[in-house]
Amino acid sequence: NIDGEDLISDPGTYVYTPLPARRNEYRSVKSHFTPRFPGKEPADLSLGLFRLDDTAKAECLYFGEEGFVGRHWGNKSPLYRMVEIWVDRVRIIDWSEAGAPLAKPAKLNPSPGYGITLIKNYQNHKIHENG
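To convert a position in the sequence shown, counted from 1, into the numbering used here, add 15.
Derived from the structure by calculation, the hints contain no laboratory data. Note that the structure is predicted; figures quoted are calculated from it, not measured. We put the CB at the ideal spot given by N, CA and C, even for glycine. Just so you know, not all the hints are guaranteed correct.
Per label pair, the in silico range of CB-to-CB distance [unchecked claim]: (1) D18 x N39: 32 to 42 Å; (2) P35 x G79: 36 to 46 Å; (3) C75 x A118: 19 to 29 Å.
Dumping the calculated DSSO-like pairs for lysine-lysine here, alpha-carbon to alpha-carbon at most 27 Å [to be verified]: (4) K45 x K91; (5) K55 x K91; (6) K55 x K119; (7) K45 x K55; (8) K91 x K72; (9) K72 x K45; (10) K119 x K72; (11) K91 x K119; (12) K72 x K55; (13) K119 x K45.
The task is simple: from the sequences and hints, build the whole structure.
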C-alpha cells in the first residue's frame, strides 16, 4: 500500500471446507506475491486444509530505510526478494541462488469473501465496486 493505494494484494482464502480443491488454489504459492519456481509448490497441500509445514524457512536478511531483503527455501533452493524504497518508486527484484528462471506472478480472482475488489478513480472520486 502506497499513499493509500493497494498495488499488490493476495486474493484471500476463498472458502475453508466445502470446496477443498478450490481452497488449495488459494493456499498455493501461485496465489501469493512471492518468488517461486515455475510449476513448483514448496508446501505439501495434501496435509489438510489447516496445515502447512514451514518448509520455506523464510527469513529477513535486511530491513531498514533503504528497503528489505528476504530469503526463503522454495523447493530446497534459496529464493531471494529485494524491495528497494526510493523517493519516487518501489522496485522489487527476485532471484534464485541457482540462477534458474522464476515464475511470473499469477493472477487469481479475489475470493468471494473479499468484498470490495476494485477501486477506480473517476473525476477525483474513488468508486468502490464489488467483484
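To see whether the hints hold, each was checked on the structure:
Taken as a hint, the range 32 to 42 Å holds for the pair D18 and N39, whose Cβ atoms sit roughly 35 Å apart. The hinted range of 36 to 46 Å is satisfied by P35 and G79, whose Cβ atoms lie roughly 41 Å apart. Taken as a hint, the range 19 to 29 Å holds for the pair C75 and A118, whose Cβ atoms sit roughly 22 Å apart. Distance hint between K45 and K91 is fulfilled; the C-alpha atoms sit about 17 Å from each other, no more than 27 Å.
A threshold of 27 Å between alpha carbons decides the hint, and for K55 with K91 the separation of about 11 Å falls inside it, so the pair holds. Between K55 and K119, the direct Cα distance comes to roughly 12 Å. Compliance with the 27 Å bound is thereby established for this hinted pair. Distance check on the hinted pair: K45 and K55 sit about 9 Å apart at the alpha-carbon level, within 27 Å; holds. At roughly 10 Å between alpha-carbon atoms, K91 and K72 fall within 27 Å of each other, so this suggested pair holds.
A threshold of 27 Å between alpha carbons decides the hint, and for K72 with K45 the separation of about 17 Å falls inside it, so the pair holds. Between the alpha carbons of K119 and K72 the distance comes to roughly 22 Å, so the proposed pair stays at or under 27 Å and holds. For the given pair, K91 sits about 19 Å from K119 by alpha-carbon distance, which is consistent with the 27 Å threshold. Restraint check for K72 and K55: satisfied, since their Cα atoms lie roughly 16 Å apart, inside the 27 Å limit.
Restraint check: the Cα-Cα separation between K119 and K45 comes to about 9 Å, which is no more than 27 Å; the hinted pair holds.
Consistency with the previously given hints is maintained throughout, with no hint failing.
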